[in-house]
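Asker: Per numbering that gives the first Met the number 0, residue 0 is the first one in the sequence shown, and the count goes up by one each step.
There's no promise every hint is true.
Claimed, not checked - In silico BS3-like pairs for lysine-lysine, Cα to Cα no more than 25 Å straight-line: (1) LYS301 with LYS81; (2) LYS86 with LYS170; (3) LYS95 with LYS391; (4) LYS430 with LYS402; (5) LYS86 with LYS135; (6) LYS133 with LYS391; (7) LYS168 with LYS86; (8) LYS81 with LYS135; (9) LYS81 with LYS59; (10) LYS198 with LYS86; (11) LYS59 with LYS86; (12) LYS198 with LYS170; (13) LYS86 with LYS133; (14) LYS133 with LYS81; (15) LYS59 with LYS95; (16) LYS168 with LYS198; (17) LYS430 with LYS59; (18) LYS86 with LYS430; (19) LYS168 with LYS391; (20) LYS168 with LYS135; (21) LYS133 with LYS430; (22) LYS59 with LYS135; (23) LYS170 with LYS133; (24) LYS59 with LYS170; (25) LYS59 with LYS168; (26) LYS133 with LYS168; (27) LYS201 with LYS170; (28) LYS301 with LYS59.
Keep in mind the hints are simulated off the structure, nothing from the lab.
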Amino acid sequence: MQKERNIGEILIVNDVAATAGMETNNVDGYISSMNTGEAVVVSPAGVVVDATGTLPAQFKIGTKLTDGTIQWTDLIDAASIKSIYTKRYAAATLQKDYIGYNGTSGDIDVINSNMYYIRLYIQDNDGYTFNSQKVKWGVYTSDASATQAEIAYGLTASLIGNLSREPEKLKSGIDVISVNRVNSGTSTATSGGAVTVTKGSKYVSIAGTGADAGKYNGDAATIVAGDYIRFGHATTTTYPVYKVARVVSGGGATTMVVELDIAYQGTSEAIAAANVGVVPIADIGDFGIVLSGTAYSYDPPKFGYMLPRWETTIQDFGDTTVTNSVSTDEGNGDWRWVKELEQQFLGNEGNYYRAQVPSPTFRSEVTTSGQYAVIVIEHEDVMTGNLGNTEKSLKQTYIACVKGDGTTYSDANTGLGTTLNAYLTAYSGIKSNGVTIATEIDA
Numbered sequence: 000m001q002k003e004r005n006i007g008e009i010l011i012v013n014d015v016a017a018t019a020g021m022e023t024n025n026v027d028g029y030i031s032s033m034n035t036g037e038a039v040v041v042s043p044a045g046v047v048v049d050a051t052g053t054l055p056a057q058f059k060i061g062t063k064l065t066d067g068t069i070q071w072t073d074l075i076d077a078a079s080i081k082s083i084y085t086k087r088y089a090a091a092t093l094q095k096d097y098i099g100y101n102g103t104s105g106d107i108d109v110i111n112s113n114m115y116y117i118r119l120y121i122q123d124n125d126g127y128t129f130n131s132q133k134v135k136w137g138v139y140t141s142d143a144s145a146t147q148a149e150i151a152y153g154l155t156a157s158l159i160g161n162l163s164r165e166p167e168k169l170k171s172g173i174d175v176i177s178v179n180r181v182n183s184g185t186s187t188a189t190s191g192g193a194v195t196v197t198k199g200s201k202y203v204s205i206a207g208t209g210a211d212a213g214k215y216n217g218d219a220a221t222i223v224a225g226d227y228i229r230f231g232h233a234t235t236t237t238y239p240v241y242k243v244a245r246v247v248s249g250g251g252a253t254t255m256v257v258e259l260d261i262a263y264q265g266t267s268e269a270i271a272a273a274n275v276g277v278v279p280i281a282d283i284g285d286f287g288i289v290l291s292g293t294a295y296s297y298d299p300p301k302f303g304y305m306l307p308r309w310e311t312t313i314q315d316f317g318d319t320t321v322t323n324s325v326s327t328d329e330g331n332g333d334w335r336w337v338k339e340l341e342q343q344f345l346g347n348e349g350n351y352y353r354a355q356v357p358s359p360t361f362r363s364e365v366t367t368s369g370q371y372a373v374i375v376i377e378h379e380d381v382m383t384g385n386l387g388n389t390e391k392s393l394k395q396t397y398i399a400c401v402k403g404d405g406t407t408y409s410d411a412n413t414g415l416g417t418t419l420n421a422y423l424t425a426y427s428g429i430k431s432n433g434v435t436i437a438t439e440i441d442a
């Protein structure tokens, strides 16, 4: 939830064209013809501001909603604006750690009759668990003739089993931390038809396009027990691999069904043959375990925008290394964050009971999977109290702009970015990051 200083508000603006000829005219005559999500800046009397003319000392910003009405900000006194900052869209990233082989180098150090121990220190980010430390683990004891393959299998199976009891997994089927193996071995693409996988199932069907079901390397070889299948890409070694425990049935002219050694951890889908590779027994290389983050379930206001973080540690692994490949970052302007903020600020419009059961219907102008640049205007609402003293209330106006170059941002007369840049020029005391706002929105 976003912190508020006294009050906050948000407008959602779309990447659309500006309506021509509005400048210096009253906005009422143009509302019906404006595009949904189009932004407009007006004076207190409703006259559309011309960025190239005289700027009114006070203004409001509006955007046209899907129901045809205009949502207006509070009246903003230009002299009371503290800052106007624009932050371009930045995609979120999810944590990814490797133990052993990391797609380029490394391996799992083989130690006979040894207990390997992985601990994941979960950094919870909600109000119920902030003062606790959750630790998930994976453990495997190798035998007297250990191999990387058996160690990687044992630890992966242990981690999957331990993480399967997480509330998010039980509630929504989401593996907040998914666990897979990677291998340095050379693979070649399957050459038959689509490969169908089902999350949580060990069984994979491999169709043919003639007599090549279960074939790979341009039909030169057939999948057998002991081979490893690389899902998602034919050759890239950062994609997960699974061992073929046995060929159940079929092959050639009949769809082949194989059983994997570990249930498939990815999304249920049919994968094109060109995106599935086979590492034959003779070419199996070094192993690694990859831990990949997945966003928590999202259903605001009950379940907001949260991404997982954890620390991966290993014990009694010899010379094995941990590679922190990608860190979690919420980015900027992710549609889930914008939608959560939109619902939060509906409380300032009188919709106080946003988490009641059953859930009420909320107004939402946010596009699922949309990418938003964000403009933040911090300004003061100044009024005189009963005793003649001056009261100041700090407000934040957020404007979430769908990334793009629509003229509603850049029109020379009425563009939102153009107009705000004109105020920055006219009022030199306003702090900013010194950018051309319309350009930042498109960046």
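Asker: Take the hints in turn and mark each one as holding or not.
Answerer: Each hint tested on the structure:
Under the criterion of a C-alpha separation no larger than 25 Å, the hint pairing LYS301 with LYS81 is inconsistent with the structure, at around 33 Å. Between LYS86 and LYS170 the CA atoms are separated by roughly 35 Å; this puts the pair beyond 25 Å, and the hint is violated. At most 25 Å may separate the alpha-carbon atoms for a hinted pair to count; LYS95 and LYS391 exceed this at roughly 46 Å. For the hint pairing LYS430 with LYS402, the CA-to-CA distance comes to about 23 Å; that is within 25 Å, so the pair holds.
As the CA atoms of LYS86 and LYS135 are separated by approximately 37 Å, the hinted pair breaks the 25 Å bound. Proximity of LYS133 to LYS391 is assessed by CA-CA distance (about 44 Å); at most 25 Å being required, the pair is judged violated. For the given pair, LYS168 sits about 34 Å from LYS86 by alpha-carbon distance, which is inconsistent with the 25 Å threshold. With a CA separation close to 46 Å, the supplied pair LYS81 and LYS135 exceeds the 25 Å bound.
Between the alpha carbons of LYS81 and LYS59 the distance comes to roughly 16 Å, so the proposed pair stays at or under 25 Å and holds. Simply put, LYS198 and LYS86 have alpha-carbon atoms about 38 Å apart, too far for the 25 Å limit, and the pair is violated. Our distance criterion of 25 Å between C-alpha atoms is met by LYS59 and LYS86, whose separation comes to about 21 Å. Among the hinted pairs, LYS198 with LYS170 is consistent with the structure: their alpha-carbon atoms are about 16 Å apart, no more than 25 Å.
Annotation: proposed proximity of LYS86 to LYS133 is violated, straight-line Cα distance about 34 Å (limit 25 Å). At most 25 Å may separate the alpha-carbon atoms for a hinted pair to count; LYS133 and LYS81 exceed this at roughly 42 Å. Between the alpha carbons of LYS59 and LYS95 the distance comes to roughly 44 Å, so the proposed pair goes past 25 Å and is violated. The straight-line distance between the Cα atoms of LYS168 and LYS198 is roughly 13 Å, inside the 25 Å bound, and the hint therefore holds.
At most 25 Å may separate the alpha-carbon atoms for a hinted pair to count; LYS430 and LYS59 meet this at roughly 19 Å. Straight-line distance between C-alpha atoms of LYS86 and LYS430 comes to about 14 Å, which keeps the hinted pair within the 25 Å bound. A threshold of 25 Å between alpha carbons decides the hint, and for LYS168 with LYS391 the separation of about 47 Å lies outside it, so the pair is violated. Between LYS168 and LYS135 the alpha-carbon distance is near 14 Å, which keeps this suggested pair within the 25 Å criterion.
About 42 Å separates the Cα atoms of LYS133 and LYS430, which puts this hinted pair outside 25 Å; it is violated. At roughly 51 Å between alpha-carbon atoms, LYS59 and LYS135 are farther apart than 25 Å, so this suggested pair is violated. Between LYS170 and LYS133, the direct Cα distance comes to roughly 18 Å. Compliance with the 25 Å bound is thereby established for this hinted pair. Simply put, LYS59 and LYS170 have alpha-carbon atoms about 44 Å apart, too far for the 25 Å limit, and the pair is violated.
Of the supplied pair hints, the one linking LYS59 and LYS168 is violated, its CA atoms being roughly 46 Å apart against a limit of 25 Å. The suggested pairing of LYS133 with LYS168 holds, with an alpha-carbon distance near 16 Å, which does not exceed 25 Å. Simply put, LYS201 and LYS170 have alpha-carbon atoms about 22 Å apart, close enough for the 25 Å limit, and the pair holds. In summary, the hint linking LYS301 to LYS59 is not supported, as the alpha carbons are separated by about 32 Å, beyond the 25 Å threshold.
Hints 1, 2, 3, 5, 6, 7, 8, 10, 13, 14, 15, 19, 21, 22, 24, 25 and 28 from the list above are not met by this structure, while the remaining hints are.
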